[in-house]
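Chains as they are written, first to last, in the working numbering: chain R, 1 to 292; chain H, 1 to 182.
Among the clues, some could well be false.
[What the hints assert, rightly or not] Selected chain H positions facing chain R (Cβ under 10 Å, derived; list incomplete): (1) Ala11; (2) Leu12; (3) Leu66; (4) Ala127; (5) Ser145; (6) Gly146; (7) Val166; (8) Ala169; (9) Asp170.
Hints were generated in silico from the structure; no laboratory data involved.
In this text, a Cβ means the ideal position worked out from N, Cα and C, and glycines have one as well.
One letter stands for each residue in the lines below.
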Amino acid sequence: MKPPQFQYCAPGVLDEALGLLDQCGTDAKILAGGQSLIPLLNVRLVAPLYLVDINRVAALDYIDARENHLAVGAIVRQRSVEQSPVVRQRHPLLIEAITYIGHMQIRNRGTLAGSIVHADPAAELPALLCCLDGEIVARSSTGERIIKAEQFFTDYLTTTLDAREIVTEIRLPWLPPQAGWACIEFTRRAGDYALAGAIAVVVPTPAGTCQSARISYFGIAATPVRGYEIEQMLIGTTLDDAILQAAAHAAESLVQDDLSDIHATSTYRRALTAEATRRVLRTAWQRCQNRS
Amino acid sequence: MVTIKQTSMPALHDMCSLSLTVNGQHYERRVPARLLLSDFLRHELHLTGTHVGCEHGVCGCCTILLNGEAVRSCLMLAVQADGMDLTTIEGFASSQEPLHPIQQAFQEKHALQCGFCTPGIIVSVHALLREHPMPTEEEIRHGLSGNLCRCTGYQNIVAAVKCAAVYLADQETTHSRNENNK
Chain R
1 MKPPQFQYCA PGVLDEALGL LDQCGTDAKI LAGGQSLIPL LNVRLVAPLY
51 LVDINRVAAL DYIDARENHL AVGAIVRQRS VEQSPVVRQR HPLLIEAITY
101 IGHMQIRNRG TLAGSIVHAD PAAELPALLC CLDGEIVARS STGERIIKAE
151 QFFTDYLTTT LDAREIVTEI RLPWLPPQAG WACIEFTRRA GDYALAGAIA
201 VVVPTPAGTC QSARISYFGI AATPVRGYEI EQMLIGTTLD DAILQAAAHA
251 AESLVQDDLS DIHATSTYRR ALTAEATRRV LRTAWQRCQN RS
Chain H
1 MVTIKQTSMP ALHDMCSLSL TVNGQHYERR VPARLLLSDF LRHELHLTGT
51 HVGCEHGVCG CCTILLNGEA VRSCLMLAVQ ADGMDLTTIE GFASSQEPLH
101 PIQQAFQEKH ALQCGFCTPG IIVSVHALLR EHPMPTEEEI RHGLSGNLCR
151 CTGYQNIVAA VKCAAVYLAD QETTHSRNEN NK
């Protein structure tokens, strides 16, 4: 239960970190908050030869409220996001999702970007990024590219990030002012990874029907899952019980078949996913009704 | 032809220098890069009050204050604490001093049995009470959710946190009264 041997460096500027990645390639891992990587090192599920610690790259420590999105630098702690006045005021869905992550002690170190790059399919933030069609900004020594959430997560703990790239920023679009939103999950213990969870955003028309909807799931497959078909079903409705029932039924088919493990069978996860669908949509819809 | 070696690149090392403050005392050490902060505190500084339970961030026994924030010392490398200010359970009260109000409350309310989880819980409660000086029962239970206790069933721990909140508030009142009388 101790990390294997590796060589370590904590550069102070991004270019140095990128230079190290060019040298080390796939033998290197980036260390940010470490709340996923250090456990993996401790139980020796990973054994990188080199660890490049980006915690000293002060230029990556910013929360920026831009016109179309909230931008969060790669070493911003989840707890800093949670306590940020601008986030509390303008992105309550992000706050709701973050408070489900681990415990205060974990969020004091864990970063928003790190959770997304780690790409655990049972984690909240990758699903949130998919739900909002957010973006990941990645830098390498040859330049910068912007990756859309739906093109980022490819498999369990696997993304399209290149070994020579570092994620520098996460972009989370703002919600429309009239939107209702919710994040809910089922766990065996408070703070644990979700057996199943869902995040939803619904936008009503002035007449009180659903204009647009977004829903994504975590803990139910090898990546976060967007419920595009369910989103279409909701448009034009008032999210009454019959529609919620149909949405819950459709959600069951999104659960991967071979997901039975010591924590839950696939059948049980399907039941939880259906219930998560009903609850997350009901709460999101109530929140936009309360506003109007 | 002479190849000019690029020297601007920072170097990777398996041993690293570390300079930090723990419980008000300054330390400088050279440590293996792979050494966990929890093991550094216990084996290098002999501060064995920080307990190690699960070593993957679940049990909360190794919780310490890092620049005032509660964190898991088993989920950090020692070298990452370079330049930082740490408080471990030993920093709450030395053996010559009276107990810290939180420790006093835990003793009075019988909030521990085997005591293995207690140092981590005291540190977490310190962080909780700083944020919520008079927490509700729900806030207390939420604040304790990152620390596992296998003996007590938590009832007395919750009672101790309520008691500690009162002690700390009293201490604050006495302190400000003394300041005003100066």
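Here is how each hint holds up against the structure:
{"no.": "1", "hint": "Ala11", "result": "7 Å, holds"}
{"no.": "2", "hint": "Leu12", "result": "4 Å, holds"}
{"no.": "3", "hint": "Leu66", "result": "8 Å, holds"}
{"no.": "4", "hint": "Ala127", "result": "7 Å, holds"}
{"no.": "5", "hint": "Ser145", "result": "4 Å, holds"}
{"no.": "6", "hint": "Gly146", "result": "3 Å, holds"}
{"no.": "7", "hint": "Val166", "result": "22 Å, violated"}
{"no.": "8", "hint": "Ala169", "result": "21 Å, violated"}
{"no.": "9", "hint": "Asp170", "result": "25 Å, violated"}
When each numbered hint is compared with the structure, violations occur for hints 7, 8 and 9.
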